[in-house]
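Number of protein chains: 4
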Amino acid sequence: MNKVNKIAILTSGGDSPGMNAALRAVVRTGLYFGLEVYGIMRGYSGMMEDDIFQMDSRSVANIIQRGGTILKSARCKEFYTAEGRAKAYANLKKRDIDGLVVIGGDGSFTGAMKLQAEFGIPVIGLPGTIDKDLYGTDFTIGFDTAVNTAVEAIDKIRDTADAHDRLFIVEVMGRHAGYIALHSGIATGAETILIPEASTNMDDVIASLSEKEKRKKLVNIIVVAEGDAFGGANEVAKVIKERLPKFDTKVSILGHIQRGGSPTCSDRLIASRMGYHAIEALLAGKSNVMVGIINNEMSYTPLEIAIREKDIIDEDWLRIVKILAS
Amino acid sequence: MNKVNKIAILTSGGDSPGMNAALRAVVRTGLYFGLEVYGIMRGYSGMMEDDIFQMDSRSVANIIQRGGTILKSARCKEFYTAEGRAKAYANLKKRDIDGLVVIGGDGSFTGAMKLQAEFGIPVIGLPGTIDKDLYGTDFTIGFDTAVNTAVEAIDKIRDTADAHDRLFIVEVMGRHAGYIALHSGIATGAETILIPEASTNMDDVIASLSEKEKRKKLVNIIVVAEGDAFGGANEVAKVIKERLPKFDTKVSILGHIQRGGSPTCSDRLIASRMGYHAIEALLAGKSNVMVGIINNEMSYTPLEIAIREKDIIDEDWLRIVKILAS
Amino acid sequence: MNKVNKIAILTSGGDSPGMNAALRAVVRTGLYFGLEVYGIMRGYSGMMEDDIFQMDSRSVANIIQRGGTILKSARCKEFYTAEGRAKAYANLKKRDIDGLVVIGGDGSFTGAMKLQAEFGIPVIGLPGTIDKDLYGTDFTIGFDTAVNTAVEAIDKIRDTADAHDRLFIVEVMGRHAGYIALHSGIATGAETILIPEASTNMDDVIASLSEKEKRKKLVNIIVVAEGDAFGGANEVAKVIKERLPKFDTKVSILGHIQRGGSPTCSDRLIASRMGYHAIEALLAGKSNVMVGIINNEMSYTPLEIAIREKDIIDEDWLRIVKILAS
Amino acid sequence: MNKVNKIAILTSGGDSPGMNAALRAVVRTGLYFGLEVYGIMRGYSGMMEDDIFQMDSRSVANIIQRGGTILKSARCKEFYTAEGRAKAYANLKKRDIDGLVVIGGDGSFTGAMKLQAEFGIPVIGLPGTIDKDLYGTDFTIGFDTAVNTAVEAIDKIRDTADAHDRLFIVEVMGRHAGYIALHSGIATGAETILIPEASTNMDDVIASLSEKEKRKKLVNIIVVAEGDAFGGANEVAKVIKERLPKFDTKVSILGHIQRGGSPTCSDRLIASRMGYHAIEALLAGKSNVMVGIINNEMSYTPLEIAIREKDIIDEDWLRIVKILAS
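Residue numbers (full-length UniProt numbering), protein chains in the order written: chain A, 1 to 326; chain B, 1 to 326; chain C, 1 to 326; chain D, 1 to 326.
Next up, chain A with everything else stripped away, as it sits in the complex (with noise of 0.2 angstroms):
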C-alpha cells in the first residue's frame, strides 16, 4: 500500500455523461479508505486559482445520474506554461495533497503527466470522453450515452426520410476517432458510414445509392463522423447532390446534443467500477496510469501510451453494414 493521505480529484476537457458517477465513486471509495478527499472546480483553472474543497459523501449524492460534471470544465492555457503548474501544484502541496485523480481525455492527462513529472505527485487518470479515442480501454465514459444520444436522433430522422423518400446525411461527433458514427451507423441501418478510419471511395457510395435507386429504395442515411477525411456532411451532401440530383439529400448535424445527457446503465457502470479501481490504484502505488477496462478485467495503461496510441476500427464491420442495409 502507498501512503497517500489526501487526494485530489478533477474533471477537464469537454464534458462527458458519467463523470459524475465516477467523481462520486472516487470520493465515497477514497473516504472509505480512510481518505481526505479535495474537489478542484474547472480542472487545471481551479487548481491554479486555489478554487479546491473537501468533499463527503454528501458532496457527491443523488448525482450518479446527472450529464455534466459537479466540478465543472475549463480550458487553461496558463497551465501549459511551467510557471503555471507550479503556482497550480503549490495549492496542491500546500494542503498536503499527495495523489490526483484526472477524468478527461488526452489535453487532460498530458496536463496530469507533467504534473507528475515536475512534482513527483502520483496521478491517475480515468478515460472521460464520449469520442472513445485512448488506447487501453474497451470503453471510455459518456460513449455509451453519446452514441445512444446519436441513435435515438437518427431514429427521428429516419421517420422523417422515410416520410419524403429522402436521404440523409448525419454529422455525428468524433475528430479523430469514428466509432460513434461507426456504431450508430450500424444501429440505425445507415447505407454508409465514413470515419477517419477508413479512406471513403465516393464513387462506391455514389453507385451504390444509384442502383438502390433503380431498386426504389429512395431512403437511405449516411452517417459522417465530423473528422472524417473527406470532409463533414455538408461536403458529402455537396458532391451527392451534384452527380445524383434527382434524390432528396438533406443534412443534419447533431452537435452538442450528443454531450449531455442522463448517463446510460452501462456508462454509470464503468465509471463507477472506474471509479472504485482510481482509488485502489493509487492505494497500490500506481501512478501515471489510465484505468481501464480490457476484456472485462481493469487494465493500467501508461498515460502516454493511452494517448498516443490508436485502436484499430475493425473494418470487417463497414462490410457488414453494406450487407445488412442492401
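Just so you know, the hints here were simulated from the structure itself, not pulled from any lab data.
Worth double-checking, as some hints may not be accurate.
These stretches of chain A come out as covered by chain D in the derived footprint (C-beta under 8 angstroms, 3 or more residues) [claimed, not checked]:
#1 29-42
#2 58-70
#3 98-108
#4 187-199
Distance condition first, Cα-Cα at most 25 angstroms in a straight line; then the derived DSS-like pairs of lysine-lysine [what the hints assert, rightly or not]:
#5 C/Lys214 to D/Lys77
#6 A/Lys217 to A/Lys238
#7 C/Lys77 to D/Lys217
#8 C/Lys246 to D/Lys77
#9 C/Lys217 to D/Lys77
#10 A/Lys217 to B/Lys77
#11 A/Lys322 to D/Lys6
#12 B/Lys322 to C/Lys6
For glycine and all other residues, C-beta sits at the position ideal for the given N, C-alpha and C.
Position chains B, C and D against the provided structure of chain A, taking the given hints into account.
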C-alpha cells in the same frame, strides 16, 4: 347528413408526429360510419400518379405510436397547374370518391381548396404541422412532440453549458411562427427567446448578458427561431462574440430531429379527436374547413382563413421569461 | 396592491413533476417584486419544526427540469390539530411572513384553508397533482408528465403484447379521477378504459373481446384506473381469465414510476405561468384561491370549491375509444 | 462451406428488444450469401401449423429500431412431444429447408436441440433474453435495453423517494439470474441489491438501514431480483416494515415494461453481429451451437452447455455497491 360514401385521405407537406394517429382515426371512424376509405400515397403526387389503395381497419393497426406518416408525403409541382389537378382529380372521380381529408399545413390546404373550387369535392383539413402556424386551433398535430424534443435536446445542451460556464445559442424550427422557440425556451429556462413575432433588440440582449456576467452567472441559453428577423443562431452568435468576447459562446442548430419521433400523449389525443371529427364534419356536410380545437371545443375554420390569419403571441410571456431567468 | 412583504412557499402531498418549475417561478417572481421569500421543508411538517430558510435566485437555479421537489414533501398528522397549526403558524409569524403559497392537492389545500381561517394569513394554492383531480383548472402540474410516462410504458407493453398475441390489463394511477387512464388509454389505442367516473359493464367488455377473438384480433390493451369501482387490474384480470380462458391475459401495474421524471414542456410551462401568477395574485390581495388555467386564461377558484367540485369526464371519449380500437 | 440452401428463422420464448435487429441481420446476410430465407411465425407453434413464408430484403426493412418481434413468439406444448416435432419438421422438410436459426432462451434452445437430434437439421441459436441467463456470451440480445429501462424507471422512483425521504423496494426481472438487478442497482446507487446468486442476510440489511437512519440518510433504494431466494419485493418490504417501522417503505414492481421498447445501440449492434455470424456459422458447417460474444470475439457454445452452465456473478460488485451507496 351529407351523401358521402367514399373518402380518400392523404398527408402532405412536412411530416409531423401524430399524422399516423390522425390517419388511424380517420380510417376507423370512416369505416365505422360505413364509408369506403382510400389512402393516397405521397400526397398530391400519389393522387396524380394514381397511387391510391383501399384501406381497412388493419391498414392502420399499430401505428398510433409511430412518427412520420405511413402514407408518405411529397412536394408536387405539377399539381400547381390546372392540368395537373384535373389529372389528379380524375383518379378520385373514377373511384367515385366524394370526400377528401387532407392532413398538412398551408401548402396542403391551398391544394385542397383548389380541388374543392374546381371540382366541387368536399374537403376537410387537419392541421398537421410542428410549427403551430395555422389559425383557428389551439393545437396542431406534432407541435407538442416537436417542442418536447427541443426541450430534451436543450436540457442536454444545458448539461454541457453548465459544465463549461458557456453561453449557448440554440436554433429551433419555426420559419414564420415562434411557438417552438417560445415554449422550449420557457421550459428550459432560457435567458432570451428570439422569435419572428417580436422584434429583437440586440442591445438589450447584450446588456442583460453583461449584467449577468457581473453576477458571475455565465451559463446561459438563448433560443432562436429559425425565422427570427435578426437571423438564425449563427447570426446572433456572431454579434455576441464580437460584443462579448469573454463569453464562451457556442451554437447548436437542432434541425430535423424536431420532426420525428413517437408522438406525445397530447399529440395522439388531438390527432385522434380531430380525425374522428373530420369524418363527422364531412358527414354533416361541412367542406373547405380545417378541424381545430379552441378552448377544448371543436372548431371549424375556413381553410383560407386558417392559412392567412395569424395568432398573436402573448408578449407577456417574453417579460415573464426575463423574470424567471434572472 | 396588497401589503405583502415576506412570503413562504411549500410543497405538500404526493410529489409531481413540475413542482420544482413552480417553485422556481414563485421564488424568482417574488424576488422580482421585492419580496423576501422563504422555503419551508417537507410541507407542514417543516413549518411545525421550523425548518424554514430564506431563498434567493440561486436557490432555484437549474431545477426547472428536475422531477420531485427540492423542498421535499411529507404527511403531518400533528398539523391536523389546532395546537399543531398554532405551533406551525408561530414559525411564520416570528419571521413576519405575511403570505403563503402551497403547491399540492386537496389535503394540502385543506391545511392552507385552515391556516388562513385561523390566523388570517393570505394563502394561494397551486394545483400540484398528477391525477388532475382538482376543479377549476384545465391542467394540474405533473399530469402531462405522468400521462406521458404511462403512455411510454404502455407502448413498451404493447411490443410484448404484440409479440405474444396477448391481452394486457394495465393499471395506472388515479384514485378518484380517471384522467390518466383515459388519456393514456386513448393514446395507446386501448380496447377499453375503466375509470371511476363511468360505470363498467364487464359483460360488454367480455362481448367485445369475444367478438375480436373471432376476427383474430388477439392483441389488446385494457387500461384501468386504480380507483375504478370494479377494482384494479388484478380484479379485472380475474374475471376475464375466468370467462375468456383462451386469452393469454397478463397484468401490469405501473405504480410509482408515474410520479417521477423530468417534467414535460407543458408541465414546465404551466408551472412557470401559475407560479408567476401566484405572486401577482398575492400582491393583488387575493387569498384562499387556487391559481388555475381555464381556456388559456388564468382562473382563481376558491380552495374549497377546487377540492369539492368534480370535473365531468366527457363520456363521448369512451365511445370514440371503442370506434378507434376496432 | 456447408451445403445449406434454404434456411428458416424463428423467435421463441419471451420477446426481447433487439430480436428484430437480429432477424434483419440473419435475413439479409442469408440473402447476400444466396440462400432462400423463410420466416416462421410464433416460434414452434407456427412451425407446427405451417405458418411459414419466404422473406426478402424488404420483409425486414425499418425494423432494426423496433421492440418485440415481427415473427411473434409463443409457447407450444405440443412441440414437447415427439409427434409434435415430427409434424413440425415435416413443414420444413417439404420446403427443403436445411438450416434453422432460433432466437430465444433456454426453452427455445432445448427445442432446437431436439429437432437437430431427431432430424439432423443444422441449428444455430442466438441468445435472445433480457435476463442474460445463458452461458457462453458476455451479452444477450435485449439485456442492455431491459437494464436501461429499469434504470430509467428507478431514476423516476428516486425522484419520489427523495421528495418524501422514503425507502423504496424495487423488484426487477430475473428469475434465475440477478444481472438486471445488479446492473440497475449499481447504476441507480442502490443501498442493497438482492439476487438469486448471492445469499441475503436480512440482518445486515436492517443493520445498515438503521445506521443510515442515525445519519439521517432516509432516502434509500433496494433492488430485488424477482428470483431472489428471500422472495420478491413484497416479502422484503414485509420484513423491513416490521423491523423498521419508522421508515416510510414502499414497493414498486417494474414488471413487463422491461421487455419492450426500442433497443439500445448496444443491443442493435450485438444482434446485428450475431445475426451475421449465425449465417456464417451455418455455412461453415457449425450446428447445435449458440453464437455468442466473449471478450469481443465471436464464440460458439454447444446449446446444451449454454443452457446448463451458469455465469458466476462477481461478488466484489456487491461490496463496491455498499461502499458507493454510503
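- request: Just pull the numbers of the violated hints for me, sorted ascending.
  value: Checked against the structure, the only hint that fails is number 3, while the rest are satisfied.
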